[in-house]
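J.: Residue numbers (this note's numbering), protein chains in the order written: chain A, 2 to 462; chain B, 2 to 462.
Rather than coming from a laboratory, the hints here were simulated on the basis of the structure.
Please note: incorrect hints may appear among the correct ones.
The list treats identical chains as one, so a pair stands whether inside a single copy or across any two.
Claimed, not checked - Think about it this way: if two alpha-carbon atoms lie no more than 30 Å apart in a straight line, the pair counts; the simulated DSS-like pairs of lysine-lysine are:
| id | residue 1 | residue 2 |
| --- | --- | --- |
| 1 | 390 | 420 |
| 2 | 446 | 89 |
| 3 | 446 | 420 |
| 4 | 54 | 390 |
| 5 | 420 | 187 |
| 6 | 390 | 446 |
| 7 | 187 | 141 |
| 8 | 446 | 54 |
| 9 | 89 | 141 |
| 10 | 171 | 187 |
2 protein chains.
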Amino acid sequence: MTVFKNGTLITMDPQRRIITEGAIAVQGDRIVAIGKATEVRARFPDDQQVDLKGNIVLPGLVDTHVHLAQAMIRGCADDLSLIDWLSKRVWVLQGNYDEDDGRTSAELCILEMLKSGTTAFVESMIAGRYGFDGIAEVVKRSGIRAALSKVVMDIPTYATQTDIMYPGMKEDPEVSMRQALEAHDKWQGAANGRIQVWFGPRPPGGCTPELYRRVAQHAAERGMSVTIHLAEVQADVEYIRREYGMSPTEYMESVGLLGPNVLLIHAVWLDADDIARLARTGTHVTHNPLSNTKLASGIAPVPEMLAAGVNVSIGCDGGPSNNTYDMVRDLRWASYLHKVRALDPTIMPAETVLEMATINGAKAMGLADQIGSLEVGKKADFIVIAMNKPHLTPSPNPVSTIVCAATGQDVDTVVIDGKIIVQSGRVLTMEEERILAEARERAEKVYRRAGIEVRPQWPVM
Amino acid sequence: MTVFKNGTLITMDPQRRIITEGAIAVQGDRIVAIGKATEVRARFPDDQQVDLKGNIVLPGLVDTHVHLAQAMIRGCADDLSLIDWLSKRVWVLQGNYDEDDGRTSAELCILEMLKSGTTAFVESMIAGRYGFDGIAEVVKRSGIRAALSKVVMDIPTYATQTDIMYPGMKEDPEVSMRQALEAHDKWQGAANGRIQVWFGPRPPGGCTPELYRRVAQHAAERGMSVTIHLAEVQADVEYIRREYGMSPTEYMESVGLLGPNVLLIHAVWLDADDIARLARTGTHVTHNPLSNTKLASGIAPVPEMLAAGVNVSIGCDGGPSNNTYDMVRDLRWASYLHKVRALDPTIMPAETVLEMATINGAKAMGLADQIGSLEVGKKADFIVIAMNKPHLTPSPNPVSTIVCAATGQDVDTVVIDGKIIVQSGRVLTMEEERILAEARERAEKVYRRAGIEVRPQWPVM
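Using the sequences and the accompanying hints, generate a full structural model.
T.: In structure tokens:
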């Protein structure tokens with residue numbers, strides 16, 4: 002049993018209580034008490050005590066859209082058009098990965114996420130060549146919580162964007178489906194329940210309706226979740242309209258892929274009918290503000306979705322599209338971006354954004370009864386923000402301080418499943434120096450194999 | 002003489018050379034050599050050597066729009082409408098400052114700027130009650146470079162936004178003008194030229210055309226610069242049209258306030274004629290992407306201004322509007338925001354944004370021959386970004402790594418005027434702990450005097 006004491010606890014519980022001079026008692030992987038420090042300590046006077054020094058404690062952040070394999074190609078395609086970004090850089094580089102690259106990129110990505118306060122994430126598309134088992138082992142050892150989605154596909158391109166696809170990104174439909182089911186058999190619920198396995202079908206343009214229906218059926222039979230990119234750019238909507246005569250959400254519904262076990266990625270170009278359909282079916286959406294702005298996809302109608310009752314969470318997306326996996330930094334984008342879109346500074350207040358990054362993320366992962374808030378009986382997944390810094394001083398509202406001023410580099414401590422994973426900013430479960438060196442080395446080799454050189458626009462001497 | 006060796010130097014010189022394994026030799030306040038480390042070290046083998054360990058070196062960042070007095074009221078008005086933001090929080094709090102508050106807020110702000118790599122800044126509006134001399138003394142001792150603008154005003158409200166103004170924010174026009182001229186007499190060129198004094202007239206709605214003409218005349222006679230908020234929100238444009246029958250830039254030109262000694266702040270709501278007028282007159286613009294998004298002012302036509310030949314730089318603005326003074330973090334906004342506005346991911350590449358934050362800022366400050374690039378004969382103002390971190394790994398393009406992935410917390414070393422001001426992230430010239438404690442204490446007293454309490458939307462226990 003450990004008592005974490007003297008913190009300002011942003012609980013995210015149903016009443017959204019904020020407890021100053023609070024304490025959390027943890028036994029095993031669970032929170033067994035939470036409240037004013039004096040009361041909690043009186044109940045557990047003899048247990049190990051960790052002093053939080055007045056810092057802010059909040060539920061671990063849930064990043065609901067991650068491409069692990071893209072951490073190692075961070076910055077490979079800055080300031081390019083989407084077609085070039087995809088077909089000349091991202092696919093070509095990822096198509097040259099082997100399983101060691103897949104594992105190293107996952108290590109780099111998880112290292113960054115842990116250091117910046119992400120305690121759970123949804124990886125959306127693990128290709129066969131990245132090596133599912135190796136990645137799952139990294140998740141297990143690192144101590145993070147994850148839903149790992151295996152790619153399935155049966156159209157060898159991403160037809161809404163381009164007819165080209167790098168051969169290394171192609172998977173045989175039967176092989177990709179079998180690998181997804183095998184991964185689920187092997188890893189679902191592993192590591193004390195920290196690992197889930199989901200389906201990660203390619204977006205429309207990469208799968209036929211038949212394949213989507215098979216995914217939906219397997220998912221229903223096994224209680225699996227599905228995450229899928231939808232309506233990221235205008236061309237996606239036009240493609241679905243042209244091919245199937247439906248709106249993006251109509252099409253998804255027609256193949257059985259709307260519902261409480263489905264997490265849509267991006268959902269930028271939706272109309273009011275689409276939004277109503279998501280609300281009615283209980284479908285989740287992950288908003289990815291950095292990716293959508295950098296790739297100039299558009300600004301998703303997040304306030305409208307929230308108003309309609311859609312559960313919207315937040316994702317960092319990938320190294321070439323963000324370019325970081327720092328949820329804390331992305332909170333500010335998820336607030337300000339919608340203010341300027343609507344020319345209304347009162348929408349998307351800090352409190353709403355923090356809900357998206359915690360409890361809404363937990364709902365999207367089907368874990369709302371386990372994580373996403375600090376409550377007795379839930380998993381002990383929480384982070385501590387070190388507050389004694391110029392850019393966080395003063396802090397009249399701890400919620401808006403986190404959203405408007407903090408970065409992941411302010412995260413001092415991370416606890417997942419009751420275990421201290423990050424302490425004083427150091428990840429205890431991973432070898433940072435080794436991973437950074439290996440990521441640099443492997444990235445260089447991948448670029449060489451792919452025949453790609455990335456340089457600044459300026460002369461390098 | 003000191004030789005800083007083994008860095009990747011992003012010089013921002015006229016050829017925009019990037020020098021790998023480079024070195025900079027510094028004598029007194031100047032760069033005396035720059036080039037490949039082997040060559041520079043061969044010329045100065047016996048001098049003190051500082052190992053940059055392969056990190057990235059770039060010219061110190063120039064923040065061209067800062068409200069020093071607002072650091073201490075960071076987070077006072079999050080998620081409010083602009084009128085409430087201004088008239089119920091910012092003015093009321095600032096109107097309750099005394100000179101000790103003004104000095105402490107300046108210390109907090111400069112501490113944050115130095116730690117995050119800002120080596121020069123333009124403060125736009127020092128009110129009489131903040132104590133100009135005390136603030137100038139902080140600048141002098143801290144080692145930073147600054148243009149300090151003294152408020153002048155003769156309309157006691159900010160009429161384009163509201164008829165209300167907190168009494169404490171009002172200044173007698175003759176007193177405010179006299180204080181500006183006295184400050185210029187006393188401080189212009191002080192601290193080895195690190196301090197400039199500018200005029201900071203209130204925006205249209207706060208000054209009569211007559212006062213603006215007096216400012217323009219004094220500025221011309223003394224070689225002073227002027228910085229002024231213009232066309233931040235649509236209401237500003239409507240006001241000027243209604244009162245004077247002109248566009249914002251026509252009006253500014255009519256009172257003598259366009260030209261190479263004028264730095265306009267925001268310039269969000271400009272049309273093509275306005276932009277052409279700024280280009281023709283050589284007027285500078287500071288773009289403030291965080292402030293404009295958070296306050297929902299709009300997205301300034303920065304690509305259009307740059308294409309027309311207007312010199313555009315970047316500013317963080319203030320604690321209630323950003324909420325941080327971290328130029329590195331704001332670079333990403335100055336890139337991605339314009340991509341999504343234009344739905345074009347190729348505009349505002351990282352290279353352009355870094356120009357805005359360095360050499361364009363130097364131009365805006367009238368210091369293009371002194372700072373803004375790493376060249377022999379220029380002042381030694383530069384910063385070192387520590388690269389061995391997960392979120393900066395790998396780094397195929399050092400320019401886009403800085404813009405798309407770094408934060409001010411990655412700044413390891415800051416050199417200004419040839420002196421090491423920040424080392425291993427610690428500001429050598431300022432007492433961080435004392436300043437943070439004092440800022441908290443003074444902020445609390447200011448809130449109490451103003452009768453303002455800021456709380457989260459959620460219950461605090």
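J.: Under a CA distance limit of 30 Å, which applies to residue 89 and residue 141: within one copy, between copies, both, or neither?
T.: neither (33 Å within a copy, 51 Å between copies)
J.: Up to 30 Å between alpha-carbons, please classify residue 390 paired with residue 420: within, between, both or neither.
T.: both (26 Å within a copy, 24 Å between copies)
J.: First find the shortest C-alpha distance between residue 171 and residue 187 inside one copy, then the shortest across copies, and answer within, between, both or neither for a cut-off of 30 Å.
T.: Answer is within; shortest intra-copy Cα gap is 24 Å, inter-copy 71 Å.
J.: How would you classify residue 54 and residue 390 at a CA-CA limit of 30 Å: within, between, both, or neither?
T.: Both: 13 Å inside a chain and 26 Å across chains, each within 30 Å.
J.: Cα distance capped at 30 Å. Does residue 446 pair with residue 54 within a copy, between copies, both, or neither?
T.: between (45 Å within a copy, 23 Å between copies)
J.: Give the relationship of residue 187 and residue 141 under a CA distance limit of 30 Å: within one copy only, between copies only, both, or neither.
T.: within (13 Å within a copy, 65 Å between copies)
J.: Could you figure out if residue 446 and residue 89 sit no more than 30 Å apart (CA to CA) within one copy, between two copies, both or neither?
T.: For residue 446 and residue 89, the Cα distance is within 30 Å only inside one copy (17 Å; across copies 58 Å).
J.: Which holds for residue 390 with residue 446 at a C-alpha limit of 30 Å: within a copy, between copies, both or neither?
T.: between (40 Å within a copy, 20 Å between copies)
J.: At 30 Å max between alpha carbons, let me know whether residue 420 reaches residue 187 within a copy, between copies, both or neither.
T.: Result: close within a single copy only, 24 Å intra versus 60 Å inter.
J.: Checking residue 446 and residue 420: alpha-carbon separation at most 30 Å within a copy, between copies, both or neither?
T.: Result: close neither inside a copy nor across copies, 36 Å intra and 40 Å inter.
Hints 3, 9, counting from the list given before, are not met by this structure.
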